[in-house]
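Engineer: Those sequence lines, one after another, are chains A and B. The first sequence begins at 3 in this note's numbering and counts up by one. The second sequence begins at 126 in this note's numbering and counts up by one.
Simulated from the structure, these hints should not be mistaken for laboratory data. For glycine and all other residues, C-beta sits at the position ideal for the given N, C-alpha and C. Hints may contain errors.
Stated by the list, open to error - Interface residues of chain B toward chain A, partial, derived using beta-carbon atoms under 8 Å:
#1 N188
#2 V221
#3 F226
#4 T236
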Amino acid sequence: MAKPRVKVPSKASKDEVITIKTLISHKMESGQRKDRKTGEKIPRNIINKFTAKFNGKEVFSVDIEPAVSANPYLQFSVKVPESGEFEFIWVDDDNKTYSTKKKITVE
Amino acid sequence: MKLNKRELIALGFGSVAALTLPALPAFAEGEKAAARIKEFAGGKEPVAGKVALTTPEIAENGNTVPVSVSVESPMTDDNYVQSVLILADGNPEPGVATFNFSPLSGEASATTRIRLAKTQNVVAVAKMSDGSVFMDKKLVKVTIGGCGG
Chain A
3 MAKPRVKVPS
13 KASKDEVITI
23 KTLISHKMES
33 GQRKDRKTGE
43 KIPRNIINKF
53 TAKFNGKEVF
63 SVDIEPAVSA
73 NPYLQFSVKV
83 PESGEFEFIW
93 VDDDNKTYST
103 KKKITVE
Chain B
126 MKLNKRELIA
136 LGFGSVAALT
146 LPALPAFAEG
156 EKAAARIKEF
166 AGGKEPVAGK
176 VALTTPEIAE
186 NGNTVPVSVS
196 VESPMTDDNY
206 VQSVLILADG
216 NPEPGVATFN
226 FSPLSGEASA
236 TTRIRLAKTQ
246 NVVAVAKMSD
256 GSVFMDKKLV
266 KVTIGGCGG
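For reference, chain B alone in the conformation it holds in the complex (with noise of 0.2 Å):
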């Protein structure tokens, strides 16, 4: 069977396709967040430990889920958490909020509410006054979503 140049073409056209389109949805989501959190770490890549992230282990209202985060830090002038940044990696956007604190915070430790879209990860991420950054994540099952239906 001889392949006119068109078809040769279609074929190669169809080929790539096939490989790169399923990859694509599933990428795109958490690449979001990993984006969010690389320009956030200042390319620095987070190691698990010093966070404390409570959520609950079931959200029954994705409206309004309070969140908590705590950090290991004795939050004195050379030594404390300057930013923690909060991240829902399955939201149409994943970022939440970022709390910026100071040594005189006393304690790295906030509250908050937020909405998630549906069942996912809350991912905590803090940065250091010396550059360190560490992270925490928490799945959190949600019944019904709260990003307007």
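This is chain A alone, in the form it adopts within the complex (with noise of 0.2 Å):
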């Protein structure tokens, strides 16, 4: 159900510090809203977990809070030391896990 979404240039020169966005769709239920009929809070269900890892190493993660939006939205940069694959992960509250791959070529 949730897509992700990620721009990772294709390319970059050695030690290059590139930015990447990531968006994933995703309701982020806070469990502030209550629900209109019968007045109680709908329960919280959230990403709670951002990580990009490249070539199997974490350079970056979140560790997300109900306040972040729905779909959330994230950018970030990483010095890219060699080519390689980037893994994107993230984790919902029920442990659900989406993910996605992506390629770069340092030349």
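Make the complex out of the two chains shown on their own, each in a separate frame, by following the hints.
Structural biologist: Shown next as structure tokens:
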């Protein structure tokens, strides 16, 4: 259900600092909203962790709390030492994992 | 006028209540954020500087407010920004997100979009690899709150 989209440059020079943009569609139910009919609080259900790995090594991560907007957008930088593959992983409160990979060539 | 024991206790109780009650609501709000900062900073007092928090002056929609943070640092293996905690001191819960960097980040900067329930301060606290802690704070005016009503 939650689809991730990632923008990573396909090429970079050695040790260049690139910008990565990520977006995943997710309601990010904060747990603060009340059901209009019953008055009960709608239970929290959010993506609580994002991790970016490069060639298997973690380079950046975010511990996400309910105050992050729906369809969480995350932009960050990575210094690329060599060609390889990025892996981006999102985990939600039900421990469901969403992930996507992107390759980059360093010339 | 002679006060019996019951009246005396009630009088004492009433005066204590009058002194403490008004202080509580305002105290509680900023307190949660202060407690989070203290925990994150490992007891160290954050210093202003190095952290640049970028937020709009006025947020049209409290449901999605763009926030960027950038921290000055060489980002080398022995001198880098470990984590940056983002807080919103007027939200029901002040915690927003914690960005965890590494020397491979190149730059300690990140952007996201957050929910702000009302006009309040957004705070960014940065913890460095040497244990030092820096922070920045920005007031964001919110026209339509973003916490579900």
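Engineer: Does each hint hold? Answer for all of them.
Structural biologist: Against the structure, the hints come out as follows:
Because the beta carbon of B/N188 sits about 6 Å from the nearest beta carbon in chain A, less than 8 Å, this interface hint is met. Among the interface hints, the one on B/V221 holds; its C-beta lies about 4 Å from the nearest C-beta in chain A, closer than the 8 Å criterion. Given the 8 Å rule on beta carbons, the hint for B/F226 holds: about 6 Å separates it from the nearest Cβ of chain A. For B/T236, the interface hint holds, since its Cβ comes within 8 Å of a Cβ in chain A; the closest pair sits about 4 Å apart.
In this structure, none of the earlier numbered hints is contradicted; all agree with it.
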